[in-house]
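Peer 1: Chains as they are written, first to last, in the numbering used here: chain C, 13 to 204; chain S, 13 to 204.
It is possible that some hints are incorrect.
You can't tell identical chains apart in this list, so a pair holds if it fits in one copy or across any two.
[Claimed, not checked] Capping the alpha-carbon separation at 30 Å, the derived lysine-lysine pairs in BS3-like fashion look like this:
| id | residue 1 | residue 2 |
| --- | --- | --- |
| 1 | Lys77 | Lys139 |
| 2 | Lys28 | Lys45 |
| 3 | Lys169 | Lys101 |
| 4 | Lys22 | Lys101 |
| 5 | Lys169 | Lys28 |
| 6 | Lys77 | Lys28 |
| 7 | Lys150 | Lys31 |
| 8 | Lys28 | Lys74 |
| 9 | Lys168 | Lys22 |
No wet-lab data here; the hints were simulated from the structure.
Number of protein chains: 2
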Amino acid sequence: MEQLFNYISKRSTLSKELKDYINSTAKVKNLNKGDTLINQDQTVDKTFFVLDGCLRSYAFAKDGKEHTLQFALKDNWISDYIAIFNNEKSTQLIESISDATVIEVSINEGIETVFSQFPEIETLHRKNLERNVVSLQKRILNQLQLSSLERYDLLKKQFPNIEKYALNYHIASYLGITQQSLSRIRGSYKSN
Amino acid sequence: MEQLFNYISKRSTLSKELKDYINSTAKVKNLNKGDTLINQDQTVDKTFFVLDGCLRSYAFAKDGKEHTLQFALKDNWISDYIAIFNNEKSTQLIESISDATVIEVSINEGIETVFSQFPEIETLHRKNLERNVVSLQKRILNQLQLSSLERYDLLKKQFPNIEKYALNYHIASYLGITQQSLSRIRGSYKSN
Chain C
13 MEQLFNYISK RSTLSKELKD YINSTAKVKN LNKGDTLINQ DQTVDKTFFV LDGCLRSYAF
73 AKDGKEHTLQ FALKDNWISD YIAIFNNEKS TQLIESISDA TVIEVSINEG IETVFSQFPE
133 IETLHRKNLE RNVVSLQKRI LNQLQLSSLE RYDLLKKQFP NIEKYALNYH IASYLGITQQ
193 SLSRIRGSYK SN
Chain S
13 MEQLFNYISK RSTLSKELKD YINSTAKVKN LNKGDTLINQ DQTVDKTFFV LDGCLRSYAF
73 AKDGKEHTLQ FALKDNWISD YIAIFNNEKS TQLIESISDA TVIEVSINEG IETVFSQFPE
133 IETLHRKNLE RNVVSLQKRI LNQLQLSSLE RYDLLKKQFP NIEKYALNYH IASYLGITQQ
193 SLSRIRGSYK SN
């Protein structure tokens with residue numbers, strides 16, 4: 013739990029009350045590679061803070077192919093936020109693509125209650141949302157404006173260890189390219 | 013300004029102090045069709061609340077083509093949030109695609125100061141961000157999972173008057189389809 017406390021105190025204030033609250037609602041979970049944390053068409057009342065390892069969210073396209081929406085490494089949060097914020101059933105799947113350790117934070121008591129009790133958590137959440145909006149808008153823009161090579165470079169900057177964890181089709185479907193194109197891009201790196 | 017006050021009081025509490033603050037920092041602007049509110053590579057210290065008419069944000073793709081990122085109709089907010097949240101120069105353009113009236117809200121005094129003075133505005137902003145995250149994630153998912161006809165249907169549900177304001181290439185580039193495909197979709201509506 014110390015890693016989550018460090019994360020919070022770097023970005024906000026961590027009172028004794030907040031620490032107690034987190035200790036009482038959050039729990040550490042060890043995951044095996046391939047474990048699914050959220051399936052399709054479920055009620056989602058949990059969000060996950062990654063301590064170690066790598067998770068991804070993905071969805072199925074019309075043609076049945078998997079498309080990676082997001083990766084989450086150390087100190088990243090991941091869940092199906094469409095389901096949480098809209099009070100809908102899940103449309104994404106969350107899986108662990110390596111052995112991993114996460115903190116599972118239950119939000120089924122009503123996140124609004126948590127915010128009114130701990131306004132500093134609302135601020136932290138608000139800042140994360142701002143980063144999330146930026147990263148989603150940039151993802152849409154990058155798809156329009158950057159070459160696949162440039163998008164691959166960006167992914168590696170954003171997630172330095174991603175290739176340690178992710179399979180080719182995870183990365184290719186995140187970048188919106190075929191696995192063949194990904195191989196070509198990697199080949200052009202080695203020849204430089 | 014009444015329309016913005018209604019918008020806030022429907023979603024949050026509107027104190028006399030907040031009303032005074034808004035009156036002192038926000039101003040109503042009348043726009044002509046084609047007016048550009050934010051250009052590329054600018055410092056962005058304003059956000060716009062649409063009272064009437066339609067605005068859009070767009071960016072240029074590698075091939076020089078315009079791509080519509082977002083529409084904003086009555087009671088919607090629009091700005092370049094990448095630039096604002098990341099403290100970067102603008103990468104999107106915002107233009108009025110009809111004669112329009114907006115409230116221009118200046119945020120150059122530092123939005124954090126506003127939030128600490130009016131926590132209810134932070135809550136309102138946080139809820140808007142949640143909706144924004146949902147809509148951006150859904151946009152990415154819909155591009156994977158829905159046909160162009162289904163995406164067109166959704167757009168019309170989300171923005172019922174959009175066709176009164178938007179040109180064919182605005183809508184086609186929002187949907188990620190050619191103008192020819194858009195015409196075919198519209199044709200199939202009429203023949204039903």
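Peer 1: Each hint should be assessed against the structure and marked as holding or not.
Peer 2: Hint check:
For a Cα distance limit of 30 Å, the shortest separation of Lys77 from Lys139 qualifies neither inside one copy, at 33 Å, nor across copies, at 33 Å. For a Cα distance limit of 30 Å, the shortest separation of Lys28 from Lys45 qualifies neither inside one copy, at 35 Å, nor across copies, at 55 Å. Proximity of Lys169 and Lys101 under a CA criterion of 30 Å is satisfied inter-copy only: 21 Å between copies versus 33 Å inside one chain copy. Proximity of Lys22 to Lys101 under the C-alpha cut-off of 30 Å is restricted to the inter-copy arrangement: shortest distance 27 Å between copies versus 33 Å within a copy.
In this homomeric assembly, Lys169 and Lys28 never come within 30 Å of each other (Cα to Cα): the closest approach is 36 Å inside a single copy and 47 Å across copies. Taking CA atoms no more than 30 Å apart as the test, Lys77 paired with Lys28 passes in neither setting, with 47 Å inside one copy and 54 Å between copies. Proximity of Lys150 to Lys31 under the C-alpha cut-off of 30 Å is found in neither arrangement, the shortest distances being 34 Å within a copy and 34 Å between copies. For the identical chains of this complex, Lys28 and Lys74 are neighbours neither inside a copy (49 Å) nor across copies (51 Å), given an alpha-carbon limit of 30 Å.
In the homo-oligomer, the alpha carbons of Lys168 and Lys22 lie at most 30 Å apart inside one protomer (24 Å), although the nearest pairing across protomers, at 44 Å, exceeds that limit.
Violated hints for the displayed structure, listed by number in ascending order: 1, 2, 5, 6, 7 and 8.
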